[in-house]
Amino acid sequence: MERAVAAPRVGVDVGGTFTDVALERADGTFASIKVLTTHQRPEEGILAGVSSVADRERVQMDEIAQIIHGTTLATNALIERRGAKTALVTTTGFRDVIETRTESRFEQYDLNIVLPAPLIERKDRFVVPERIGARGEVLLPFDERAAREVVARLVDGGYESVAVGFMHSYRNPDHERRFRELLLDAAPSVAVSLSCEVSPQMREFERFNTVCANSYVQPLIATYLRRLESELQRMGAMCPLLLIHSGGGLISSDAAASFPVRLVESGPAGGAIFAAHLARAHRRDRIVSYDMGGTTAKIALIEDGSPRTAKTFETARTARFKKGSGMPISVPAIEMIEIGAGGGSIATVDALGQIRVGPQSAGADPGPACYDLGGRTATVTDANVRLGRLHPENFLAPDISLSPELATSALRDSVGMPLGLDNDGAAVGVAEVVDENMANAARTHAVESGKDLAGYSMVAFGGAAPLHACHLIDKLGIDEVLVPVGAGVGSAIGFLLAPFSYEATRSFYTTSDRFDTGGVRALLAELAAEAEAFVRMGTAEAVTVEREVLMRYRGQGWEIPVALPHGDFDEIAAGELTTTFVKAYEAFFGRAIEGLTIEAVSWSVRVSSRREAPTAIEPLPAGQPPAIAGTRLVYDPAAGRKVAAALFERAALAAGDTVNGPALITEDQTTTVVGSQHTAVVQPDLTLRITGTGRPGGGWPAAGAQQRDAEPARPARPVGVPALAPGPRCRDGRPRRPDAASSASHQVPGRSRDREPWGPDADHVEPPDIGSRGAGADPGADRLLYVGAGGWRFVGWSVRSQGPPDRPGRHRNAGPCQHHGRVPGPLHQRDRGREHVPRRCVSHQRPLEGHRPPPRHHRGHAGVHPRPSG
Amino acid sequence: MVDIGGRGFGPDARELYEEGIRIPIMRWAERGRLNRDLVDIVRANVREPDQVIGDIHGLAASNETGRRRLLDMLGEFGLTDLEELAGFVFDRTRRATLDALERVPNGVYRNTMRVDGYGDPVTLAAAVTVSDDGMHADFTGTSPVSPFGINVPITYAQAYFTYGMLVALAPELPNNYASLLPFTVSAPPGAILNAVEPDPVAVRHVIGHFVTDLCLGAIAPALPDIVPAEGSGALWNFQASARSADPGDPRPPVEMLMFNSGGSGARPGRDGLTATAFPSGVRTMSVEATEQVGPIVVWRKEMRPDSGGAGRFRGGLGQVIEIAPADGYLFEFSAMFDRVDNPARGRAGGLDGTVGGVRLDDGTPFGSKGKQTVPAGRRLILELPGGGGFGDPAERDPAAAANDLAQGYVT
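Heads up: the sequence lines are chains A and B, in that order.
Take the first sequence: its letter number 432 is residue 432 in the numbering used here, and every next letter is one higher.
With the second sequence counted from 1, adding 1000 to any position gets you the numbering used here.
Just to be clear, a hint being listed does not mean it is correct.
Claimed, not checked - From the structure, some residues in chain A lie toward chain B, with a derived Cβ separation under 7 Å:
no.	residue
1	G93
2	R95
3	Q108
4	D110
To be verified - Derived SDA-like pairs (lysine to any residue); straight-line CA-CA distance at most 25 Å:
no.	chain 1	residue 1	chain 2	residue 2
5	A	K451	B	V1340
6	A	K123	A	E181
7	A	K323	B	P1375
8	A	K85	A	E160
9	A	K323	A	D513
10	A	K583	B	E1064
11	A	K583	B	R1033
12	A	K451	B	L1071
13	A	K583	B	A1400
14	B	K1371	B	N1063
15	A	K85	B	N1176
16	B	K1371	B	A1406
17	A	K322	B	I1226
18	A	K85	A	R234
19	A	K85	A	D285
20	A	K451	B	R1069
21	A	K85	B	A1400
22	A	K123	A	T92
23	A	K583	B	A1060
24	B	K1371	B	P1247
25	A	K451	A	D285
Derived from the structure by calculation, the hints contain no laboratory data.
Beta carbons are placed, not taken as given, at the ideal position from N, Cα and C, and that holds for glycine.
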């Protein structure tokens, strides 16, 4: 390994709940610590974390060579509206662009909808007569006198920060720059942000909003960074402080102080870099990066070891992470989809008797019920505790112990009682729904990116991901998941793996029939110089240059990214661009369109310091099983019941060790669940590689048993409990018509229990008490069949085995099912529907500016837009 | 579709046949091979063949994605068809929908509304009958079909009636066959809400979008805390064809389309939404992107102060848009605007919103419907209507009133 800056280096990720600190040792390994975030003065938590990890590693502060920092401070300031007193100066006639937004409602079915308030109120928005045209020509000269009057009002108004956004300034920045001169002449200490510098991309709402956001948080971030730097220096850390930006690279703290909007998605970016690095080391060229924490899950597709960037994303969503309820930010950010699915996500039951999970989160305070910090509503973590996946005394940090009793009572009150499910049934339902929500987010993201998940590997990290990953890969049809060491602090480690980089982007419109090669060449040179200047603020290392253009067919409203070849952009390169676009378009949408003119809209140049190539990890085949530390009853989705799972401590595992599921592998910051049909093999870098085995579900010998036979074919079963019949079981759990007269009568607990084996943990698996709910079309009865199908397969089976012979033997030959015990997806589609696409399409569906689902460059955006008539 | 041929998107056709190319149900592609004949016929009949063909490809691609996901889902859960699952979902939804409708006592609820129409004003009338089985809207008393393309097929009226009832009563329920089933409609033959072939219907949304406010207004007495005041309703779409002012210029005209919205009605607990579509869900597009496409300049697109109806809760503001052809160009556009003569009415003592206006910058008045030309050097000025207010204006929270003045929403 070769790196320009030697270890020890420190990565610091300040998140909503925890501040994660990772220290890179001289041998390339990492030490890490989690401390609670100190919201009022985040630097206090940072200093505490850095000094404690340094102490532990016996590193002096002045030995630290580099500190790399990612923070949600900018994001939080936008969400909580804690920015500077800021004004917007814009073109006459466009004062309200950031307030009228897209002129649409992000939720079609809410009469009381509240649209996000503009970051800068109307009374703080000023106009100057001037107008640049679409080709950069001056349609109306800049009105100096009027501008000076506005400057006077800004000075009188005591604004700390001023955003300037004029129409088409990405094409001609003269007027914006002139305004800045006038303003700084009169008020040299005012912070000024120009849209032509912060985000020179076409589309005024996005660009104006981005420059407003930058301007709004700039004084706050600049002050914070200066404070942090001086505190670090006071402690003896004299090394440079670098920031991670949302595009996944490092920038100097000076650059960050000028363009703080680039920091908005820095934490998730660190996670994606972490996953990409692991993918390169393990030589996986297509991975799903899956990061699940306390509040959200983030899913990114990474090809060839390098995450893609989107040119626009949405942050500070006000309504349940709902698309359109936040503010657009047009700066490069690693493409990913984020949904409200985390350990703290709250479970509820809706009017239809469906379990909903998230996007509301109990956060860290009061947190899940089992934290015993006052939370009373059931969360995903409570479900995992009830299902045996989390050990009560070994969770995240040693000072948090979990209460299974409180988890259970919350599940009973929030989910079990309303649905007539027992406690385990409620927990299974919650776990299934959150897994299905995440699976659907991954599918949606794949579709929007024009990708098929077959052949992908998953990389799971973040405190909650290793608990859910096994089930998720089954749902997605993915063959393997890698759980790296340090999964709990992946973002902070990712910071240490990031290159210096900067992506400069600008809109420049030209078409295939009248292609402006000279203009493009000049633009690319400018962008490269701009990006390299930022990178040179941090490093003198050799750099790589990647160039990309967003293109579309004429008339379309959204573009797809096309990589440009290296070297001089000449007529030949211009000529090849059409072919490259057509290929990219085919990959995205399945087929190209003949005969259409092609438009190039936005160009970007990314300059990065060279990434060190990680040492390749040779895959290890399955080896010997390690000694079992114990067993615990854990619910297994494939088996559809609780099974005896073997317990292992991750720290005790060595390369080559092979853990056959069902098993739990615990470590300080997370627990990895290995399903009954999965096997984990410890790789040379101690990454767990988990794959499906296709073995039928089963349990380990009951607690107290010794290491079992290496032959995994037939797990022992408690005496007297018949083996599960594989085939029809899952099918039997499928929906039946609730109006079938016989349904309820088959759900008498005693009867089903007489017939059904449910494993060694029968005492924990009480069939839901529905006997008292009446018969026939009782809402409780059919609800049970469906929601209960998440785990209470035996209920469905019981119905099926005795049910009306309307379709006898229909699934007799269906063979063993990998998926029994699942909640039928469609019943829970609404959660995902709400996240990703407008839920209803009464009769108005029309794409906005054009005709395509906004693809990858519009992050997390699904492609259905209402239309006016139809 | 940016264009479907015929006269183009506008109200001026007298018969369906003038409004665009009609394609009976047929294959777009078979086994992956495009139906060339259909492609050629479409191309030959529309103004922007590239874009239209691109649109159809887009529709086919999304259809294919949906098909694949459905098959994946069936495979994942071991289903061979959707019968049982659908039965369960429909049964659940039907019961939940009927439960939600119980908030409105059984009975007949009536409302009428007058809107501009094309030439003659149009009266819309609805009698909404609520029973244990659902809700039925009868449109007897509605004006007869218009000679212009503002007529509405009854299925379209049914959609906007159903949307209004669901958004008020059961917003959380999924939208499916069973949730739609309890909502039925009827209208006498020849009514403007019951257009049949060959009545022209190209801009049916202009009248059709009012059906939601019409039917919500009918049940408002039963739901005083839910139903908002009337809003601007129909979108103010701007469909234009811009071309060189020099008749000898061989370049073809450029077709452009912008969606714009007036104010929505005040809610019983909140102000109306400014420049936001309701009941439509359409989004506007970027002015910068629009100006990249064709030779027009949008000089102004901002809120229209004082246009929201006063009330305890204020109606949403409309907006003002000024559009000029670029130097050396002119453009024709099809006006399809409403609420220029008839305002969005306030509710519960709230005042009406301000009506809209259509004119040139030199004061020349323009019609609210039909094809008109903006000559080189002139600007078209569109003043979009505001939404109605809700409740007595005297009861407005003084802080809210002060904020209106500070922000310039009210002058």
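Can you list which hints this structure breaks, lowest number first?
5, 7, 9, 13, 14, 15, 16, 18, 19
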